[in-house]
Amino acid sequence: METLRTQALTRRFGDLVALDQLTLAVEEGEIFGLVGPDGAGKTTTMRLLTGILEPSSGEAWVDGLHTVRETEAIKDRIGYMSQRFGLYPDLTVQENIDFYADLYEVPKAGRGERMERLLAFSNLTPFRRRQAGNLSGGMKQKLGLACALIHTPRVLFLDEPTNGVDPVSRRDFWRILYQLQQERVTIFVSTAYLDEAERCNRIGLLHQGRLMACDTVDGVKGLLRGALLELRCEAPRPAARLLREAAIGSVALFGDRLHVLVEDEARGRQAVEAALRAGGIALRELRTIEPSLEDVFTSALPGGSA
Amino acid sequence: MSGFRFSRLRAVAHKEFIHVFRDPRALGIAIVLPMIMLMIFGYALTMDLDRVPLAVWDQSRTPQSRELVSRFEGSRYFSLVASPDTYRDVEEGIVTGRVMVALVIPVEFGRQVASGRKAQVQVLTDGSDANTTTLALAYADAVVKTYSQEILVEKVRRLTGRPPALPLDLRFRAWFNTDMESRIFIVPGLIAVIMMLIAALLTSLTVAREWETGTMEQLISTPLRGSELILGKLAPYFAIGMVDMLLSVLAGRFLFDVPLRGSLLLLFGVSAVYLVGALSLGILISAKAKSQLLASQFAFVATFLPAFMLSGFMFDIKNMPPALQAFTYLIPARYFVVFLRGLYLKGTGLAELWPQGLLMAVFGAAMLILAIRSFKKRLA
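For the record, the sequence lines run as chains X and R. As numbered in numbering that gives the first Met the number 0, residues 0 to 305 make up the first sequence, in order. As numbered in numbering that gives the first Met the number 0, residues 0 to 379 make up the second sequence, in order.
So that you can see chain X by itself, here it is in the shape it has in the complex (with noise of 0.2 angstroms):
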């Protein structure tokens, strides 16, 4: 069953397309994640689905209601954490939980109940008493969560939920959602990190506002075509410089390695040797690899960051 449908969305801001024709759907109980770089329109997409921005052209259905006509219904079946998730510093952390269970009018049978599960789900027991504005950036966003679901919603946003908090409170944030998929909520994720991408059921690439790519992971990056080859060498730059000129596929730069996506697995690998021995420089490894999402973005994307 669909939880979330989109039909040609889009949202403009004067002459910029923040979001262009978008058009998807998610299924019940999918962790679903948006992927793309800082503009690509990741929030503003958030912001539409979650019905506090209106869309320029195109409609959205949550949980079967219209983002436009049903706004206020939505938000009672929906948890959102925005980019910066708005806690109130001055507030307790169980302050904070309250605040937001009062306003879903969650029933105070109950709720002591639930409260103490967040809580231990997150960690946070030995800190409720504590000032939100004293926790960790880990702490804070695992609060964040904790408020978007006091009120047991059926579908959960979370815009870039993991930005800027260190690898273990990451974990952490992601080993909560993969509960929460057990419990049939649907989660609908913006990240910029593609691992984190990775642990999605399924993904969609945006870029400049245009889905360039919907799938499971495995999918997406099936649409590499070709081969991935990973080398390192003395001097990779120059390296890169060379494959390049030398045309023998798209080049990207990783620290000291260099991933090319070639064609044909064994023709290209005998290109790269040809074209270091004649610039002069010493290969050391030559391997074919599995892609990542990282290789879909740099080679897939036209712009794409190496």
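Errors might be hidden in some of the hints.
[Said to hold, decoys possible] DSS-like cross-link-like pairs, simulated, lysine-lysine; straight-line CA separation at most 30 angstroms: (1) R:K345 <-> R:K317; (2) R:K375 <-> X:K107; (3) R:K375 <-> R:K287; (4) X:K107 <-> R:K376.
[As the list claims (entries may be wrong)] Reference listing, derived: stretches of chain R covered by chain X, where coverage requires no fewer than 3 residues with Cβ under 8 angstroms from a Cβ of chain X: (5) 15 to 27; (6) 369 to 378.
[As the list claims (entries may be wrong)] Here are some chain X residues pointing at chain R (derived, C-beta under 7 angstroms): (7) I51; (8) K74; (9) G85; (10) D101.
Keep in mind the hints are simulated off the structure, nothing from the lab. Values in this document were obtained by computation on a predicted structure and should not be read as measured data. Built from N, CA and C at the ideal position, the CB exists for glycine as well.
Starting from the known structure of chain X, fit chain R onto it as the hints suggest.
For chain R alone, kept in the frame of chain X given last:
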């Protein structure tokens, strides 16, 4: 779709109370600022004129001239600060501001008075401040006239053996402010000005702060309604505003000795209505500005200046140009100033002051509705 829920309003009010009480500086400003303003304006803003610095150049040096000078010295309106003996000294005193009024008694003054001829005295004043000068001149005129009258009476008594009966005798009595102290008149109006400013300043930050910190985006993604948010936000500031009002009334009574002749209950009832209007105006400004700095600056300009200058507190509305007079009807402080003065000085009640009360209620309701409408559950 859920309708208005009191529980959500209460949740917002509870949160706002926490904001206020966990920020001692803000709370301190909310309580101390109106008191400071009341002190400064209450003591400094006096329209009474006494002890006008006076210079006397007595060229005559006769018993008659000394008598005139002693009458000036004896008046509580003048205080002799200089006795120049050249015009240059007189001029210097006035130019430097040490002297406001200079009395020049000519050489022949004593002789002329003694012989019953008409004598002239010259009064020079610093006319830069027209109002004060007019007052000072009126005082000087009164002193000279009294003296001149007494000379006349004495002359008649000497000729006829008994003093003449003066044809007219003015007996006046000032009602409501029998001692004619401007303080009694100023303090009630001052309360209206201060309450307007404080109320709008208090709330001008609340909505803008939510926009600045990003909590507003979160709030509009919840089922919270505009009326719940705005009324919830008003609650704690209304409480603080009423405490400020109470402190102002107490200060007026015990510090400035301004008696309240009307009903205390009516005073607080009308203050509550006025306060709702002022607080809502602050919220409206805050919602439109979306930035705390801009909102507080705008709230200051939009409330303090009109309330101070155009409410009839400082300047009589009847003396303003017609266009400005028409504009003053939009300023709620105008009604509250009249209401408070009536209540304090004359002890009048709703029977006389209902139009002001009604207009304040209209203003309050309009501002509240605009404030609630200003909350849109959409970005951009």
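The hints, checked one at a time:
For the hint pairing K345 (chain R) with K317 (chain R), the CA-to-CA distance comes to about 20 angstroms; that is within 30 angstroms, so the pair holds. For the suggested pair K375 (chain R) and K107 (chain X), the alpha carbons sit about 29 angstroms apart, so the restraint of at most 30 angstroms is met. At most 30 angstroms may separate the alpha-carbon atoms for a hinted pair to count; K375 (chain R) and K287 (chain R) meet this at roughly 11 angstroms. Proximity of K107 (chain X) to K376 (chain R) is assessed by CA-CA distance (about 26 angstroms); at most 30 angstroms being required, the pair is judged to hold.
Remark: the segment 15 to 27 of chain R is confirmed as covered by chain X, as 4 of its residues place a Cβ nearer than 8 angstroms to a Cβ of that chain, reaching the required three. Given as covered by chain X, the segment 369 to 378 of chain R passes the check, having 3 residues with a CB less than 8 angstroms from a CB of that chain where 3 are the minimum. At about 5 angstroms, the closest approach between the beta carbon of I51 (chain X) and any beta carbon in chain R falls short of 7 angstroms, and the interface hint on this residue holds. Against a cut-off of 7 angstroms between C-beta atoms, the interface hint on K74 (chain X) holds, since the closest Cβ of chain R lies about 5 angstroms away.
The restraint placing G85 (chain X) at the interface with chain R holds, with a minimum CB-CB distance near 3 angstroms, inside the 7 angstroms limit. At its closest, the beta carbon of D101 (chain X) sits 3 angstroms from a beta carbon of chain R; the interface hint therefore holds under the 7 angstroms criterion.
Against the hints set out earlier in the document, no violation occurs for any number.
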